[in-house]
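**Student:** Working from the sequences, and respecting the hints, build out all of it.
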Amino acid sequence: MTGEQARLPQSQKVSRRSMLVGAAAGVVAPVAVSTLGAGSAAAQGRGKGRPGRTGETHRVTVYAEELPGGLYGYGLEPGKATVPGPVFEIWEGDTLEIELVNNTDRRLSIHPHGVNYDVASDGSPLNDSFNEPGETRTYVWSTSFQSEGPGGFWIPGSAGYWHYHDHALGSDHGTEGIAKGLYGALVVRREGDVVPDRQFTVVFNDMTINNKMAPDVPILEANLGERVEFIAIGHGNNFHTFHLHAHRWADNRTGYLQGPDDPSKVVDNRDLNPGDSFGFQVIAGDGVGPGAWMFHCHVQSHSETGMSGIFLVRNADGSMPDGAQEAIDRYLGHQGGH
Amino acid sequence: MTGEQARLPQSQKVSRRSMLVGAAAGVVAPVAVSTLGAGSAAAQGRGKGRPGRTGETHRVTVYAEELPGGLYGYGLEPGKATVPGPVFEIWEGDTLEIELVNNTDRRLSIHPHGVNYDVASDGSPLNDSFNEPGETRTYVWSTSFQSEGPGGFWIPGSAGYWHYHDHALGSDHGTEGIAKGLYGALVVRREGDVVPDRQFTVVFNDMTINNKMAPDVPILEANLGERVEFIAIGHGNNFHTFHLHAHRWADNRTGYLQGPDDPSKVVDNRDLNPGDSFGFQVIAGDGVGPGAWMFHCHVQSHSETGMSGIFLVRNADGSMPDGAQEAIDRYLGHQGGH
Amino acid sequence: MTGEQARLPQSQKVSRRSMLVGAAAGVVAPVAVSTLGAGSAAAQGRGKGRPGRTGETHRVTVYAEELPGGLYGYGLEPGKATVPGPVFEIWEGDTLEIELVNNTDRRLSIHPHGVNYDVASDGSPLNDSFNEPGETRTYVWSTSFQSEGPGGFWIPGSAGYWHYHDHALGSDHGTEGIAKGLYGALVVRREGDVVPDRQFTVVFNDMTINNKMAPDVPILEANLGERVEFIAIGHGNNFHTFHLHAHRWADNRTGYLQGPDDPSKVVDNRDLNPGDSFGFQVIAGDGVGPGAWMFHCHVQSHSETGMSGIFLVRNADGSMPDGAQEAIDRYLGHQGGH
Chain A
1 MTGEQARLPQ
11 SQKVSRRSML
21 VGAAAGVVAP
31 VAVSTLGAGS
41 AAAQGRGKGR
51 PGRTGETHRV
61 TVYAEELPGG
71 LYGYGLEPGK
81 ATVPGPVFEI
91 WEGDTLEIEL
101 VNNTDRRLSI
111 HPHGVNYDVA
121 SDGSPLNDSF
131 NEPGETRTYV
141 WSTSFQSEGP
151 GGFWIPGSAG
161 YWHYHDHALG
171 SDHGTEGIAK
181 GLYGALVVRR
191 EGDVVPDRQF
201 TVVFNDMTIN
211 NKMAPDVPIL
221 EANLGERVEF
231 IAIGHGNNFH
241 TFHLHAHRWA
251 DNRTGYLQGP
261 DDPSKVVDNR
271 DLNPGDSFGF
281 QVIAGDGVGP
291 GAWMFHCHVQ
301 SHSETGMSGI
311 FLVRNADGSM
321 PDGAQEAIDR
331 YLGHQGGH
Chain B
339 MTGEQARLPQ
349 SQKVSRRSML
359 VGAAAGVVAP
369 VAVSTLGAGS
379 AAAQGRGKGR
389 PGRTGETHRV
399 TVYAEELPGG
409 LYGYGLEPGK
419 ATVPGPVFEI
429 WEGDTLEIEL
439 VNNTDRRLSI
449 HPHGVNYDVA
459 SDGSPLNDSF
469 NEPGETRTYV
479 WSTSFQSEGP
489 GGFWIPGSAG
499 YWHYHDHALG
509 SDHGTEGIAK
519 GLYGALVVRR
529 EGDVVPDRQF
539 TVVFNDMTIN
549 NKMAPDVPIL
559 EANLGERVEF
569 IAIGHGNNFH
579 TFHLHAHRWA
589 DNRTGYLQGP
599 DDPSKVVDNR
609 DLNPGDSFGF
619 QVIAGDGVGP
629 GAWMFHCHVQ
639 SHSETGMSGI
649 FLVRNADGSM
659 PDGAQEAIDR
669 YLGHQGGH
Chain C
677 MTGEQARLPQ
687 SQKVSRRSML
697 VGAAAGVVAP
707 VAVSTLGAGS
717 AAAQGRGKGR
727 PGRTGETHRV
737 TVYAEELPGG
747 LYGYGLEPGK
757 ATVPGPVFEI
767 WEGDTLEIEL
777 VNNTDRRLSI
787 HPHGVNYDVA
797 SDGSPLNDSF
807 NEPGETRTYV
817 WSTSFQSEGP
827 GGFWIPGSAG
837 YWHYHDHALG
847 SDHGTEGIAK
857 GLYGALVVRR
867 EGDVVPDRQF
877 TVVFNDMTIN
887 NKMAPDVPIL
897 EANLGERVEF
907 IAIGHGNNFH
917 TFHLHAHRWA
927 DNRTGYLQGP
937 DDPSKVVDNR
947 DLNPGDSFGF
957 QVIAGDGVGP
967 GAWMFHCHVQ
977 SHSETGMSGI
987 FLVRNADGSM
997 PDGAQEAIDR
1007 YLGHQGGH
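Residue numbers (the working numbering), protein chains in the order written: chain A, 1 to 338; chain B, 339 to 676; chain C, 677 to 1014.
These are computed hints drawn from the structure, not numbers from a lab.
Here a beta-carbon is modelled for each residue, glycine too, at the ideal position from N, C-alpha and C.
Do not take every clue at face value.
A partial selection of chain C residues facing chain B, derived with a Cβ cut-off under 7 Å [claimed, not checked]:
(1) Phe829
(2) His849
(3) Asn913
(4) Asn949
(5) Pro950
**Tutor:** Here it is, written out as C-alpha cells:
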C-alpha cells in the first residue's frame, strides 16, 4: 500500500500538529488529538455553559511562508507551512496568543472567526492590523462562555467549528492571500464536547479542495469504527455544497444531537459558502462498512471539474477493504473525465 | 374545471404511487399516503428515539427509462417513468431493497441521501456500482434509529426528507442523468411523525422546476384545511431559494416545532442548493384562505425566466375559490413576461 | 465629529421612525424602539407560545415614491421615502393594515414575508393585488401565535425577522422594484422577546448594501454596551454571505440561545440569499471593545467591489475610540481598491 501511504492526507498530517491545549498556561505542545480520547470527554459530563474550566492562555508562534506553485501557507515551524494551515484547538474560556512571523515579502495578517479580539488583533488593514514583510506581530484571540442574558435567553459562547484566514495580502480583504492558501481551522471546544480520533480540514476554496483538484485531493483515511471529525470551511467567490457519502450529521453546533428531542435537521449535504464553516464527527463506516467513500461538492459542474475526494475507511485492523484499491485507482486515473 | 384537471400536478400523481410501507416485510403496495392519516400518527405518540417499530424489509422494482424530450425517469412500472420519480417512504428502522431495471441504452444508477448503504449500493462508478444498459441490479438502503452517543450527546438517526438520484449517466457524478430527470424524493419517517393528506415533490433543477418552466410547471392542488407536505430538492449548477406565499414552516427536521421552546428559525423562503433537500407540512390556506398562491425561486432572474408555479388551495369542498381561475389564466397566459 | 454625524446611517434614521406598536388599536406612533427598553422585555418573562397579548390592529399609511438616482422607496410621510423603507414592528397576534399610496407613475405593490394575508393582500399581479400609478390600496397583514399541533408537535407562529418588498414594478415578480429600492424590514416580536437599543437594516441587494457601495455604505453607529439589533435581508440575483467582525449570534429565530442546552449553531458569517432574512442582537463591543468593526459580504469578489461597511462602536460615553477615525478615513478614502 505504498501508493496510498505516499498519499497520506495533508490534513491528517496537519492534525498531528494540532493543538488541543489542556496544559498549563503558556505551554504549547503539538498534542495529537487522540491522546485525550472520547472517554475523558464523556467522563467530564456535559458542560451546560457553566465555566468549569478556568481560562488558560496559550502562546504559539506561526510562520507565514511562500510555498511552491505560487501558494502561501501558515505553519508551526519555519519551512513547514501547509495548506490548509494547522488546526488550532482551544477550550472555551481559553486565550490564544499567536505570534505571527511574516517570512514573505508581502503584507499579510491572520483574522479569526468566532472568537474575541480587539481592533489591534482584527487582522484587517482597516484597523492597521497586519504584518509588513518580515514583520512579527502578536494577535490575541480570547473566548467567552455562554451566559444568561436578558429575558431568560442565553448569550452564545465561543464554542464552535471556526476558522482563520489572511485579511491583508493583495487587498484589504485578503482575497489574494485566501486564494493562495492562507487559511485554516479553529476549533473552540466546550467542556464535555467529544474529542475525535482523527480530524480532517476540508476547505472549498473557489473551485478547489484545499487548493487542489481531483485526482490530487489528498485521500482522507480512517479505520472502521474510529471517531472522525470533519471541519469544513468555505472560501473564495463561488457557492458550494459539501456532500459526504454514507455518513450524516446534525446541522447544529456539534454535529451531534443534544438529546432525543433535538429538532436539528440531519444532513449529508450542506451549503458551504465563503466565510462559513461547520464541523461534525462520524463513526467511520458506521452502519455502512468500510470502503472508498466519496466526498465532493454537489454542484455538478464543480464536482465534474475536480471538487471531489475520497474518505477511505479501512478495515478496523487498518487493512484495505475489498474493492477500495480499485476505487482509488479509478479516482487517480481520472484527469478531467471524473 | 376541466382545464385545471387536465393540468393535474405531476407530483400529485406521483404521490398516489408513493409507498408509505407499514405492511409486512417484502410486501410493497402503492398505498396512498392519506390512508394512514394524521390521527394515527398522533395516537402513536412521539417517538423519542426509542425504536418502537421493528425494522422491516421492503422490496420494490424500479424501471429507468428514456422519456420524450430527451428526458429520463424512474418509475414503478414499465412505461410509467416520471420526472420526478416516485416518492419512496419508509419508517426509521426499515430497509428498502430496490431492484433497478435499466431499460435505457445508457449506463446509470440510483444513489440515495441520508440512509445507509454499503459500497456495492453506493450507486457510484467509483465503487463500480451502476447498471450497464439493459442490466438489472439491486441496491439496498437501510436506516438507523437515533441513539445515545458519547458524553450524553445523541447520534442522529435516518429520519428526514431525503432524496435519490442517478450518479452514473454521462459521467461519474451523474450530471447528465440528473439534468435529464433521474431524481426523486425519499422520506424516512420516525414513529410519531405526522402523515400528510397530500404530498408534493418540488425539485429546483438548474433553471427548472421538475424539469419544467412556467407556465408549464404543474399546478399543485389541495383543499382548504388539508395537511400538505412539500418535499423540496435542489439539483444542478445554480443556487436557488424556495419561496412559498402565505405559508411558513420551521427550518428543522420536520418543519414543525418540537414544542413551544423550540428555537428553530421559522421561514417561508429557504436556500435550496444542489444536493440539499428539506420538507415540511402546512395546513393549506391556514389563516390566509384559499386561492392561487405562488411558489417560486426568489432569485429574481430565476423567477423571471420560469422558476415559478402555483399552489392552488381550493375551497374546503373542492370548488374553485373566487379569483383563482383568473390567477391561473394569468399564469398560463404568460410565456416569458411573467 | 461633524464628519461622522454628517454620515449618520440611513437605517438608524429609519429606526427612529420604526413602529414598535404597543399602543391602542389604530394608533400608530413613530415610537423610538429604545423607549420600551430591554428591562420591560425581561420583566414580561418569556412568552412560551401562550397568547399573552390580545392582538391589536394598527393602521399606517405608506407612500411609494421615486427617488433621485433612479431609485424608488417607501416612506411614512410624503416626500420622506427611504432605501430601505421603514422598519415595521408588531407583536405576534397583532394585525397591520397598510394603506399604500402610489405616488409614482409605475405599477407597484407591497408583499410581506412571514405573516398572514389573503389573496387580495398578496401584492402579486398574479392575484391582481397591486397599485396602479396614483392608486391607493390597503394591504392587511395579520399574525398567528404558535400553537399545539398534531402528534405533540407545534405549529410555528409568526414571530420572526421578516421583510417586505415590491412584487409588481417592472414585472410580475417586482424585479425592477426590488432592484431600485422597494424593500424593508418587518419584525414580528413574541411576548418576552428582547427589545434593542438600536436597530439596523442591512440589505444585500445584488452587489450593493442598501443600494449603496463602499465607501458610501452608511456607517452604523452604537455606543459600547448598547444592545444592537441587525436585520439582514437578501435580494436580487446573487448569492451572498453576511460577516460581522468581532460579534457572533445564534443562527435561530432570535439570535439568542433558548437556554444553555440550545443546540443552535453559533455564527458570525451567514448565507444571505435572495428572499431570505434573519436578525440578531449583540451587545456592541462585548468582550472585544469599541472600534470600527467591518461588516461585509464574505464572497471575496463582492467585498472587493464594494459590499463592505463599518459598524462603529463608540466608547460608552459616545466619544470616538482610539484609532476609529483613522479607520473610517481609510474606509472613506478607498474608492475601489478596498
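**Student:** Now, for every hint given, state plainly whether the structure supports it.
**Tutor:** Checked hints:
Hint on Phe829(C) holds. Least Cβ distance to chain B is approximately 4 Å, under the 7 Å limit. The interface hint given for His849(C) holds, since its Cβ lies 5 Å from the closest Cβ of chain B, which is under the 7 Å cut-off. For Asn913(C), the suggested interface contact is upheld, since its CB lies about 5 Å from the closest CB of chain B, less than 7 Å. About 5 Å separates the beta-carbon of Asn949(C) from the nearest beta-carbon of chain B, less than 7 Å, and the hint is met.
For Pro950(C), the suggested interface contact is upheld, since its CB lies about 5 Å from the closest CB of chain B, less than 7 Å.
Hint compliance for this structure: every hint is met.
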